[in-house]
Amino acid sequence: MASDKVKILTDGNFEQEIKQGVTLVDFWAPWCGPCRLIAPSVEALASEFEGRATVAKMNVDENPIVPAKFRILGIPTLLLFKDGELAETIVGLRPKDELAGLLNRHAPVGVGDAKPA
Amino acid sequence: MADRKVVIIGSGPAGLTAALYSARANLSPLLVDGLEAGGQLMLTTAVENFPGFRTGIQGPQLMEEMREQAAHFGTEFVQGDVTRVDLRARPFAVTLGDDRTVTTDTLIIATGASARWLDIGSDKTLSGRGVSTCATCDGYFFREKPIGVVGGGDSAMEEAIYLARLASKVTVIHRRDTLRASKIMQDKAFKNPKIDFVWNAEVEDVKDVSRGHVTGVVIRDLKTQQSRELPLQGLFIAIGHTPNTALFRGQLQLDDNGYIVTHSGTKTSVPGVFAAGDVQDHVYRQAVTAAGTGCMAALDAERYLEGIPDEETEATMSAGRPA
Chain S
0 MASDKVKILT DGNFEQEIKQ GVTLVDFWAP WCGPCRLIAP SVEALASEFE
50 GRATVAKMNV DENPIVPAKF RILGIPTLLL FKDGELAETI VGLRPKDELA
100 GLLNRHAPVG VGDAKPA
Chain E
0 MADRKVVIIG SGPAGLTAAL YSARANLSPL LVDGLEAGGQ LMLTTAVENF
50 PGFRTGIQGP QLMEEMREQA AHFGTEFVQG DVTRVDLRAR PFAVTLGDDR
100 TVTTDTLIIA TGASARWLDI GSDKTLSGRG VSTCATCDGY FFREKPIGVV
150 GGGDSAMEEA IYLARLASKV TVIHRRDTLR ASKIMQDKAF KNPKIDFVWN
200 AEVEDVKDVS RGHVTGVVIR DLKTQQSREL PLQGLFIAIG HTPNTALFRG
250 QLQLDDNGYI VTHSGTKTSV PGVFAAGDVQ DHVYRQAVTA AGTGCMAALD
300 AERYLEGIPD EETEATMSAG RPA
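Chains as they are written, first to last, in numbering that gives the first Met the number 0: chain S, 0 to 116; chain E, 0 to 322.
Some hints here could point you the wrong way.
Unchecked claim - Some chain S residues near chain E, calculated using beta-carbon distances under 10 Å: (1) G11; (2) F13; (3) D60; (4) K81.
What the hints assert, rightly or not - Within a straight-line C-alpha distance of at most 27 Å, the following computed BS3-like cross-link-like pairs (lysine-lysine) qualify: (5) K68/S - K144/E; (6) K222/E - K68/S; (7) K95/S - K206/E; (8) K6/S - K68/S; (9) K168/E - K123/E; (10) K68/S - K168/E; (11) K182/E - K123/E; (12) K222/E - K206/E; (13) K18/S - K4/S; (14) K182/E - K68/S; (15) K193/E - K182/E; (16) K81/S - K95/S.
In short, the hints are calculated from the structure, not lab data. Since this is a predicted model, take the numbers as computed values, not measurements. Glycine residues also receive a C-beta, built at the ideal position from the N, C-alpha and C atoms.
Throw the hints in and build the complete structure from the sequences for me.
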């Protein structure tokens, strides 16, 4: 799988990484069963949307600050940021198609192509 | 001719055991995972009552082992949900999430059951915002906070005991004045100094939807009809499960609670369609009984494919059984 395409976010690099373009962040923890179930979808989306949107994940066990700031009280939670602003919140297990639809809406083909690497 | 001899819907212990048996019988089963792949055991921690693991095994790990075992014998897996089934025509038609339709001679339904919600609206709205049906997933976020658990069965006690390790205080809210939970679970819960009980009470509302997180839980005393608000910051719901049978409504006989009705083993009201696990069992609901009925469904499907008439199947089966 293309797990290396999923960017690892931390409390330290979070703001820098989400401030430009469309970023989907998967908040997870190793002890969370449903997080394991959504992980393959997130990995697939990272490949499919490469160049259009950033797909990232943050381990809530290791990073307490950002999850608290966005009041995350259950995982998996996925937040979609557009140029640093929170645009969508998805709580719980969802089908991959639904997540892809969300990314398509916020990062249509051709728009994100100019995004700096 | 059908695309498949056997299609299995569901990837919990029932579905995976059905897959294991039908794969070993050279029926090349296709198994559709469903969104909650792995089933309810994916939401658990240690499973100490599955035979063969003397010190217990983690639920997700048990499911991974079962899945690998089924794959080893040639089960083909597809991710995602089934969106539609047609059981009126032969072969049966199963439509997948990507709109692909697969036809099959037999169908094994092992779609299980999902956690029930309170049916008050605000609980669902605040899901992932302080309301949860999975203590092992979300308990972590309520360290040193006062929280509630709704329910009086084994799962409710299990959640309360687990959460008491994290939360500052756990209040169990139960509709009756006694618990349904087993004696051993009751004793554990009663002994825990961090667990309190509110009896004969029903959750009316979860506050505060407008603020987008849980600030309190309104409960009504069922004897006095008085309502009051408990200052809880989280609410875990453990009031049982609903069978995942929406796909089959109107095509298969279901009981009043929506469970698939089975007879003579795992047969449903449509010959060639079999049901296993929690989707047809509201009594035992164990990983091992689900696996057991999954095995039965695979054997029943195999016999059906061989064209053995029902009466003979039953005669052979009972002949092999000790009196």
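Each hint, compared with the structure:
1. G11: Status violated, d = 21 Å.
2. F13: violated, 18 Å
3. D60: Holds, because the Cβ-Cβ distance from D60/S to chain E comes to roughly 8 Å (cut-off 10 Å).
4. K81: This interface hint is violated because 20 Å lies over the 10 Å limit.
5. K68/S - K144/E: Holds, because 17 Å separates the two Cα atoms, which is no more than 27 Å.
6. K222/E - K68/S: Distance of about 41 Å is beyond 27 Å: violated.
7. K95/S - K206/E: violated, 31 Å
8. K6/S - K68/S: holds, 20 Å
9. K168/E - K123/E: Holds - the C-alpha atoms of K123/E and K168/E are around 23 Å apart, at most 27 Å.
10. K68/S - K168/E: At roughly 24 Å apart (the allowed maximum being 27 Å), K168/E and K68/S satisfy the hint.
11. K182/E - K123/E: Distance of about 31 Å is beyond 27 Å: violated.
12. K222/E - K206/E: Given pair K222/E, K206/E holds - Cα atoms ~23 Å apart, limit 27 Å.
13. K18/S - K4/S: Given that 27 Å is the threshold and the Cα spacing comes to 18 Å, the pair holds.
14. K182/E - K68/S: Violated, at about 42 Å.
15. K193/E - K182/E: Given that 27 Å is the threshold and the Cα spacing comes to 19 Å, the pair holds.
16. K81/S - K95/S: Answer holds: K81/S to K95/S is near 20 Å, not above 27 Å.
Comparing the model with each numbered hint stated earlier shows that hints 1, 2, 4, 6, 7, 11, 14 do not hold.
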